[in-house]
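J.: Chains V and Y, in that order, are what the protein sequence lines are.
Per our numbering, the first sequence runs over residues 133 to 225.
Per our numbering, the second sequence runs over residues 3 to 473.
Hints are computed from structural coordinates only; laboratory data are not their basis.
Which bits of chain V does chain Y cover? Going by a derived footprint, with three or more residues having C-beta under 8 Å, they are: (1) 179–186; (2) 205–219.
DSS-like cross-link-like pairs, simulated, lysine-lysine; straight-line CA separation at most 27 Å: (3) 86(Y) <-> 220(V); (4) 95(Y) <-> 220(V); (5) 86(Y) <-> 136(V).
One side of the interface only, derived from the structure: several residues of chain V facing chain Y at Cβ under 10 Å: (6) 141; (7) 147; (8) 189; (9) 190; (10) 192; (11) 193; (12) 194; (13) 195; (14) 196; (15) 199; (16) 200; (17) 201; (18) 222; (19) 223.
If you're wondering where the values come from, they're calculated on a predicted model, not measured in any experiment.
Even for Gly, the Cβ is constructed at its ideal location relative to N, Cα and C.
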Amino acid sequence: MIGKKDLEHIGWLARLELSEEDKEKYTPKLNSILDYFGEIDKADTEGVEPLYHVLPMNNVFREDVPTRSLSQEEALSNAPKNQDGFIKAPRMM
Amino acid sequence: MYENPDGVMIGLEVHVQLNKLRTKVFCGCTTDYHNDPPNSHVCPVCLGLPGSLPVINKKAVEAAIKVGLALNCTIEEHTQFYRKNYYYPDLPKGFQITQYDFPISSGGYITIEGEDGEHRVGITRAHMEEDPGRLVHEGTIDKSKYTLIDYNRSGMALLEVVSDPDMRSPKEARRYLDKLRNILEYLDIFDGDLEGALRVDANISIMGGQRAEIKNISSHKGAERALLFEIVRQKNVLRRGGVVVQETRHFDEAREITLSMRSKEEAHDYRYFPEPDLVPLKISGWAPAIKAILPELPDARRLRFVEQYGITDDHAKALTSERKFAIFYEDVAKKVDPKMAAVWVCDVLKGELNYRDLPVEAFNKEHMLSVIYLLMNKKITEDGAVDIIRTLLDKGGTPDEVVKEKGLLKVEDDIVSTAAEEAIKENLQAVADYRAGKEKALNSLVGAVMKKTKGRADARTAREILLDKLG
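Throw the hints in and build the complete structure from the sequences for me.
T.: Printed below as a string of structure tokens:
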């Protein structure tokens, strides 16, 4: 069961600001998702190899050959703020 | 047996940049960004733009296998990538692609010179991951208002080498780092001179306390300093009856102290899950072929030098402790007496370079050979040879020019002989003292000969001639 505290923690990890109303709304939603996983967990997997990836493939590689990079101008074009070629962001501790 | 009185246990996590690759780990951006403007070696993949897809660099996987084998690890049958989720501006995607419970290699060791002789440090695992971007703070990290970000480094191939907590002193930690760097350079997958090539986090605990993790260590010397400080700090806490708590601390390189990060101690909650954009790797089958072409490693080269060139183990150890030095020595040793080459390259040149904090590239190999030829042909004295090496390092030029300029050509024996006769005539008191049994009096006579020949006589020859003349 996910309680209000868990929801606040998950919100903090995702840097989402949640209003009281949001919390009321999302707690049961997350619990219903969790319940569904509970259903999946009930399946008998005795003797079944774990699946690590949904695609039946391994070993997809790229050769060590350079391709074109973006220009600095293109790279900065999506950043709300920049300075001297750097992207500028609020300080985080 | 080393007692380890404080019960020091040190484990290191070393982030090694595979910076000799041409491109990053999951995209084709080039790795030679070190002298370029910020954000000029980036693309949708390493900027984490929506819809971009990573594809792994085959050479990066090969390099990771090389390192694993060189560290005596097992190359795992199944290996895959995970997303490590956390919000920090150095990660444009909000997660780092790394490895978790299926690292590419694990269970190895490195042998170092320990407190009590040879000491084995276990390697828990060496796993692949992508490098985050570089953050620049205006002013200090705790005072600046905002963060400037350069994503050129973002997506560089990293190998995180995690050791067991097997080191028992800061000195052992430093030796471990030196050895690891040396092995990586022998493998030719890594240039340790580039900025950010090797970054260290250290875990350290002493008896009766919990472990602290120290971040932001950027040099081998820094690691030793940070650990020395941390041992004293933890001992003081315990002595005052306090508790050493588990925490992350930041090394302040300038002040040589560690500081508590004092962050809201949110327990790390990275919510690892398998990276859906990268399929698993089954590459343990590559290991035998890669092992077959693995270059000679430092320990093997040290043994070969002793055997092939007849030099002492101490010389061999010192010469092989840095790949570039070993190559320099071997090129010289092939052309002259290898034992003589060991003395001049190892004892003299290495000392002079260290004193000046210069790399081996600062000295021309041909010049070393010239100096040794001059010595072999008895054209210069040993003191003269040292003088030439120092002058070349400080002022440049060629050995011949220095010899000419400083008049270092050794004087003929008959000139030494004449000087010796004069010295005996002019220093009767010293002669009398010597004959009376004062061995030391001979030194002042040798000094007089050297003075007369302006230092160009070989001191040993002068001594022999004087002894001969004094009967």
